[in-house]
Amino acid sequence: MDVRHGIRAEGLVKRFGRTTALDGVDLAVRPGTVLGLLGPNGAGKTTAVRIFATLLRPDAGRVEVAGHDVVRSADQVRALIGLTGQYAAVDQDLTGVENLMLIARLLDLRRADARRRADELLGRFGLADVAGRVVKTYSGGMRRRLDLAASLVNRPEVLFLDEPTTGLDPRSRGEVWQLVRAMVADGTTVLLTTQYLDEADRLADEIVVLDRGKVVAAGSPAELKAKVGGRTLDIRATEPTDLPAVAALVEASVGVAPVPHPDDPGLLSVPVPDADALPTVVRALHDGGIPVTELALRLASLDEVFLALTGHGTGEES
Amino acid sequence: MATVASVPSTSSGSPLRRRRPARTLRHAGILAGRAILKIRRDPQQLIDVTLSPIIFVTMFVLLFGGAISGGATDGGDRRDYLLFVLPGIMAQAIVLASMGTGINLATDITRGIFDRFRSLPIARSSPLTGLILGDVVRQLVALAVVILYGVLLGFRFRTGVLAVLAGCGLIMLFSFALGWIWAYLGLLVRSPQGVQGTVFLVAFPLTFASNIFVPAGTLPGWLQGWVAVNPVSQLADTARGLMVGGPVAGALWPTLAWIAGIVLVFGPLAVLRYRRST
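Going line by line, the protein sequences match chains A and B. Residues 1 to 318, numbered by the UniProt record's numbering, are exactly what the first sequence covers, in order. Residues 1 to 278, numbered by the UniProt record's numbering, are exactly what the second sequence covers, in order.
Looking at chain B on its own, in the form it has when it is part of the complex (with noise of 0.2 Å):
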């Protein structure tokens, strides 16, 4: 055949190219890839993570925020409090688009694509992480609608640009820890459905038991405990900061902390039960 040459031999015994952490990555990165192929091919996929933000904005700024800010019937509250609740909500935003993950696993393992990616001779994690990869140009989306949407209503950073660029990143970086525990639940779970449910008792808890919403002072006692140790909380606390200003670093620690952590738990455990899954 006329273009072998251009193939990797597959019968010389040459010793097989060892796994360099480059070729993973760059696996990962084709991988990445196809979730934006998919993207270019079906734009309607991108509906949930724009309708979704804009909804919640909605709800919560428009709807809710006079009572919350105390029942003002001036606007006045009702901008203090989309100030406070908007980095809260690209949080959220981010939380729940990146759920897609696990869903999209489990979809690629009942039509048996990631079988067909476990039968080549790629490292272990590259499908995974190339998944997780791929899924953040959906939660670029949502950020972004967050913020024009947020902006359209009055909302105004009060910080500078790299530290408002320092706290969509954490976010992204949050979000990219969660989507190993997705991952871990799509293997689990793995019928998309089922997935959808999980992924959401689990969601749900993190972004509404947290002080996106409202201060957690004016929780129930036992609800401030959950709250106050809650992953997103500390999150939507350092991106208040980061981007209308007040303090950082108190909450930021703990979010380094919560997003290293579950990277080291989830990941291992994902890329076994990977390995081990029939």
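Okay, chain A solo, but in the shape it has when bound (with noise of 0.2 Å):
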């Protein structure tokens, strides 16, 4: 294959109205790898994604998906392309089965083969048992595993998900991140949009972080999270009594004020330059004479790093 790029995109420029939804944005995926798309709400992911699907023209730039442009050979990518949305784009009156074989139909396979294609898909993705059901009895799992399906009848060589886990429950979310990296086994390029951290860093090669339609950091999930702030202290004081004495030493210590963890205040984390302030925080703790449980120091977390990059949460903008 002469296929370099899964996908490349240089100079992509969207605009609406008055609004630039992504201003110059360039990207890379190597074929067989997957690419998380990080950023909040109108960041801009959405718009790559529609445009790398040839849902959107872009106003400027040049994006190639398998090899093939956007714009010019758009029917060419549309065969090579899968396509999952935030929300299950499937049929909610027709059954399972009916749905996969509609688009299987769609792309010129006979009856008794698009109607294989259906039953191994539904089998392999766990829905066997409900093929015959309409869709609207579906749980929202079921339902996303089922988009998920429809997005590979034609066998895809790049896949598109846009926020594939969206609104699912923890266990949901697991049985897609497996398929997603079975799909990768097979060779398939993917690119994924995400507001979950934790699902880039477990799925994605590589990262692109976008905010207000620019590129702000790009890299490996490790390389992010070395590039900023390094590592993260985190101590948890054994009497919550001491929290505060724990404070004022960490912060005479290494000279920054450590924070309380949003959804366990009992436990304060700090940013810390290098390994070397480990010690140094041992022994003023030890002099104190505080008894601390946990004392541990690690990689800054995505969001941490994306605090960093871009000003603010991964939320709504503030």
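Hints are computed from structural coordinates only; laboratory data are not their basis. None of the values given here were measured: they were computed from a predicted structure. C-beta: ideal position from N, C-alpha, C; glycine also. Hints may be right or wrong, so weigh each one.
As the list claims (entries may be wrong) - Selected chain B positions facing chain A (in silico; Cβ < 8 Å):
1) 27
2) 30
3) 37
4) 38
5) 42
6) 111
7) 113
8) 119
9) 121
10) 273
What the hints assert, rightly or not - DEER-style ranges, computed between Cβ atoms:
11) 24/A - 276/B: 51 to 59 Å
12) 42/A - 64/B: 50 to 58 Å
13) 132/A - 22/B: 28 to 36 Å
14) 22/B - 124/A: 30 to 38 Å
Each of the two chains sits in its own frame; use the hints to bring them together as a complex.
Below you can see the structure in the form of structure tokens.
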């Protein structure tokens, strides 16, 4: 194959009226790898996916998917891609097997072949038991899996997953992740948008962070974590009443005030430049006679990286 | 994988099959089949197209028919009115039933199904044509209900089988043309509720400000002007001629011209809008 990139975008610009949704985006995805496109709501992730999937035309820049230009050779691109959006784009009034057969027939498979392909996918996605049931009666996770199956009928080379697990319970999320890993193992190139940092951390080989239509960072999850702030030190005092004393000691040793963890106020975190901070803090705590139950040095989480890169969290823009 | 042979090869550089009209038409047929499957899954979808013609025939023939036909007390005038009004109500029933196309399209858009179709390597017109053709079943049901109920009330065709079939065919052809207007509105407005309101704004002047229910001569002058050019008036006149007798040619050509005009204008508009829609 002469395809050197699964997806390649250069100087991609898209405007809607006076808002610029994408402001000169460059990215490249090697075949058979997963790119996580990360960013808050309104960062331009969905717009980018819609351009890559030929649903929107760019205002400027070049995009190639599976070696074809998305504007000039849109039909070739469409034959080689699969798309799963934020909501399950399947017909709720039809059964699972009818939905997949509809897609297969539109891809010019004969009826018997379409049926075989539909059954094969339903089996692979754990939907064989509900194949004859109307989609309306499916659970959210089952619908999402059917949607994913519908985007695989044509055995795509490049798969776009636009927030594939938004609104799913943890178990269904895990199932979707497993399916994505299996597709990548089969050689599919995947572009995944997500607001969940752990999702990008677990699935993506490379991450591109988008904010207000611009790429603010790119690299592997480890590179991104190393690039920003380096390490984080977590400390938990044995006695909750010692917390202020611990905070004061830590600030005196590393020069930065630690902050309580948002979900766990008993745990203090502080960014540190390097591993040398650990013995300094240990010594200070020992000298102060304050017992701690937890003291750990780790790479910054993607949440912390994200905050550092964009100046705001992953939720709604403040 | 075992079944690879049955699937069009995706990775080889082989040139994509050219878009032949037959292939486009087949895709439209497959998508029209989707609408028929949905009716089979949920026959309740047919309630509105079944009930609304019954309501209109009842209202205009039994309730207003006596008064419209001159306030006579005997049933004879009412029967004359039935002969006059029923072909028009057939046209009206089809116009109202065809509005579902716009609403279905907007529903598909909000549910993301149209994005799925747009990301497939099929012609841009296929999903729209499929939707419009798929609605033919609902319209045929509406047409059958009007005819059956009319016959029950005493309506009789007074021409030949061929003429009656031609009349029904013309009405269906007209609804196919209207389907492109509804599709365009569906793409423009996008929310199913919004479309419902908008299509009524178009459908009501088309069907009520026409000569379906009363002869144009009884209307105020300014309204007569509209009624004379209203394509539904032309359609109702043609249908009357073909089903109960009377002149046909005078209204047939304007009707056919309207059908061609609507398809030629709104077909490309809808496809263009569909292609550009975000």
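Hint check, failures only
The structure conflicts with hints 10, 11, although it agrees with all the remaining ones.
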